[in-house]
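Number of protein chains: 2
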Amino acid sequence: MRALATHPAARGLEDDAAVLEVGSETLILTHDAMVEGVHFLAGQDPADVAWKLVATNLSDLAAKGAEPLGVLLGYQLGPGDTRFASGLAEVLGHYNVPLLGGDTVGGNGPQVLGLTALGRATHRPVPSRSGARVGDGLWLTGPLGGAMAGLEALRSGIGDTLAYRRPAALLREGRALAPQVTAMMDVSDGLLLDAARMARASGVSFAIDSAVVPIAVPEARRAPALRWGDDYQLLFTLPAAAAPAVSAFRIGEAIALGPSPLVLDGRALDEASGLGFEHG
Amino acid sequence: MRALATHPAARGLEDDAAVLEVGSETLILTHDAMVEGVHFLAGQDPADVAWKLVATNLSDLAAKGAEPLGVLLGYQLGPGDTRFASGLAEVLGHYNVPLLGGDTVGGNGPQVLGLTALGRATHRPVPSRSGARVGDGLWLTGPLGGAMAGLEALRSGIGDTLAYRRPAALLREGRALAPQVTAMMDVSDGLLLDAARMARASGVSFAIDSAVVPIAVPEARRAPALRWGDDYQLLFTLPAAAAPAVSAFRIGEAIALGPSPLVLDGRALDEASGLGFEHG
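If you read the protein sequences in the order shown, they are chains A and B. So for the first sequence, this note's numbering puts the first residue at 1; every next one is plus one. So for the second sequence, this note's numbering puts the first residue at 1; every next one is plus one.
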C-alpha cells in the first residue's frame with residue numbers, strides 16, 4: 001500500500017472515513033476489505049466473518065457519530081456461502097442496516113471480501129481524529145484485549161471467542177459523543193498505535209497512564225492488550241472539564257506536542273517502538 | 001453468488017445500482033469487484049486494470065443518468081502497485097472523479113479488487129431496467145464486439161486492444177438520455193443477455209433485428225458480438241415516436257410478453273439458449 005498511498009491519486013486511502021457534503025446532507029463513507037488468512041482464519045465460521053466485516057465498517061461510522069444508511073458488499077464465492085449469508089442477515093438485522101447492493105465474483109485464491117458502509121452525519125462538524133487540543137482529556141469507551149483473548153481461545157479451542165468473532169460497533173455511543181468530542185476514532189489497530197495517529201493528526205502528544213486503561217484480560221497481559229487491535233472501542237478527547245455522555249474511562253490527556261506522539265507512564269514512545277499492529 | 005443471492009439478506013446483490021433517497025438528494029451507489037485471472041488477465045498492465053475497474057463502475061452510474069461524486073477503492077497489494085496508481089490517477093482525472101477513500105490489504109492469492117462508485121441522480125425518476133412498455137423502441141448507443149476483438153488482440157499480440165483495456169463510461173450520454181428513456185441499463189454481459197434481463201424486469205419481450213445492431217467487427221463475427229460483454233454501451237427504450245437526445249441505433253422494439261424474453265430475427269430465445277456471458 002505504501003507505493004499506492006504515496007501516489008497523489010491514492011491520497012485518501014489512509015484517511016478516516018470520507019466525509020462528503022451532498023446537498024443539505026453530510027455523508028460518511030468507509031470501505032474495508034478482509035482477506036482469508038490475513039484478517040480472518042481460513043477455517044473460521046463464515047457467519048462470523050460476515051459479522052466482523054459489517055461491524056468493523058459500522059464502527060468507522062460510529063466514530064463519526066453517523067447513522068448507517070446501508071452497505072454494499074463485494075463477495076468472493078467460497079465454500080461457506082450459505083453460512084456467510086446467514087451471518088450477514090444476522091448482523092444487518094442486529095444493526096437494522098439494509099444491504100443496498102454489491103457484486104459477487106468467482107476465483108480460486110484465498111477469499112477476499114470488501115464492504116462499503118454509507119451513513120449520514122448526525123452532528124456537524126463531523127468528529128475527526130485531528131481536533132484534540134492541549135489540555136483535553138483522552139477517553140476510551142471500554143476494555144481492551146478481549147479480541148486478543150478471543151483469538152487465542154479460537155486457536156486453542158479453550159475459552160470465550162465472542163469478542164474476536166463478533167465485535168460490536170458502538171453506533172449509539174458514537175452518536176451520543178459526537179456533539180461533545182474534540183476528536184474521535186475507533187481503536188482498530190491497537191490503542192497505542194491509534195492514539196499516536198490521533199496525536200499526529202491533531203498536532204499534540206498524549207500522556208497516557210497505562211494503569212487506568214481498562215482491560216478485559218488478566219493484569220499480566222496489560223502490555224499486549226494496549227497494543228492489540230480488533231476491539232473497536234471508541235477513543236476520544238473532551239475539553240478538560242467535560243464528562244462524557246456515555247460510560248467511558250479517562251486514560252490520559254493531550255499535552256504540548258513533544259518529540260514523540262505518546263508519553264506512556266512518563267516514557268516517550270514513537271512508532272519505532274512498536275506501538276501495535278500495522279496491516280500490510 | 002447463487003447461494004448467497006437466494007438468501008433474503010443478499011437480495012439486493014443482483015439488482016441495478018442502488019438508488020437511495022437521502023434528504024433532498026437521490027444517491028446512486030454501485031460496487032463491482034474484479035479478480036485476476038477471471039475479470040482481467042494475470043499479465044495485464046495494472047494501469048489498464050485500474051482504468052477498467054473505475055470505468056465499469058462509472059458506467060453503472062451512467063445508466064442511471066447520475067453525476068459521479070466519488071469512488072472508494074478496495075485494493076489488494078500486488079507487484080504492479082505503481083502502475084495501478086498511475087492508471088487510477090489517469091481514469092479519475094479523465095472523468096474528474098475524486099477518490100474518497102478505501103482500504104488496502106495484503107494477501108498472496110490472485111489479486112481481488114473492488115470499487116464502490118457514488119453518484120447523485122440528475123433526473124427523477126431515476127431510469128431503471130424495469131420501465132420498458134409494449135411499443136417502445138429499443139435503442140443502443142454504439143457498436144458491440146470491440147471489447148471481444150480487443151481481448152483477442154491482447155492475447156495474440158496483433159491488433160487494437162484499446163476497447164478491451166479502456167472502456168468508456170458514457171456519463172454524458174446517460175445524463176442526456178435519463179429524462180427521455182422508459183428503461184436504461186449498460187451492456188456489460190452481452191447485448192442478448194442484458195436485453196433479456198431488461199425484458200424480464202419490465203414484463204415485456206423484445207423483438208430485435210440483428211442486422212441493424214451496430215458492430216465494431218467484421219460481419220462474419222456478428223453473432224458472437226451480440227453475445228460478448230465488456231462494451232458498456234447503453235441499452236434503452238423510448239416511446240415509439242421519440243428520437244434520442246444522443247447518437248444511437250434503433251435495434252428493435254418492446255412487444256407483448258411472450259414465452260421468451262427475446263425474439264431475435266423472428267426466433268424466440270431464452271436464457272437456456274446461451275445469450276451471453278454469466279459471471280460466476
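Hints in this document: simulated from the structure, not taken from any laboratory. All C-beta atoms, glycine included, are put in the ideal place defined by N, C-alpha and C. Worth double-checking, as some hints may not be accurate.
[What the hints assert, rightly or not] A few chain B residues facing chain A, derived, Cβ under 10 Å: (1) Ala18; (2) Thr30; (3) Gly37; (4) Leu41; (5) Asp45; (6) Tyr95; (7) Pro98; (8) Gly109; (9) Thr122; (10) His123; (11) Arg155; (12) Asp160.
[Claimed, not checked] What the simulated footprint calls covered on chain B by chain A, stretch by stretch (three residues with Cβ under 8 Å from a Cβ of chain A suffice, anywhere in the stretch; the number is not a length): (13) 100-106; (14) 145-152; (15) 244-250; (16) 264-274.
[As the list claims (entries may be wrong)] Short derived list, chain B residues pointing at chain A, Cβ under 7 Å: (17) Leu29; (18) His31; (19) Asp32; (20) Ala33; (21) Val35; (22) Val38; (23) Ala42; (24) Pro110.
List, from low to high, the hint numbers that the structure doesn't satisfy.
4, 5, 6, 9, 10, 11, 12, 14, 15, 16, 23
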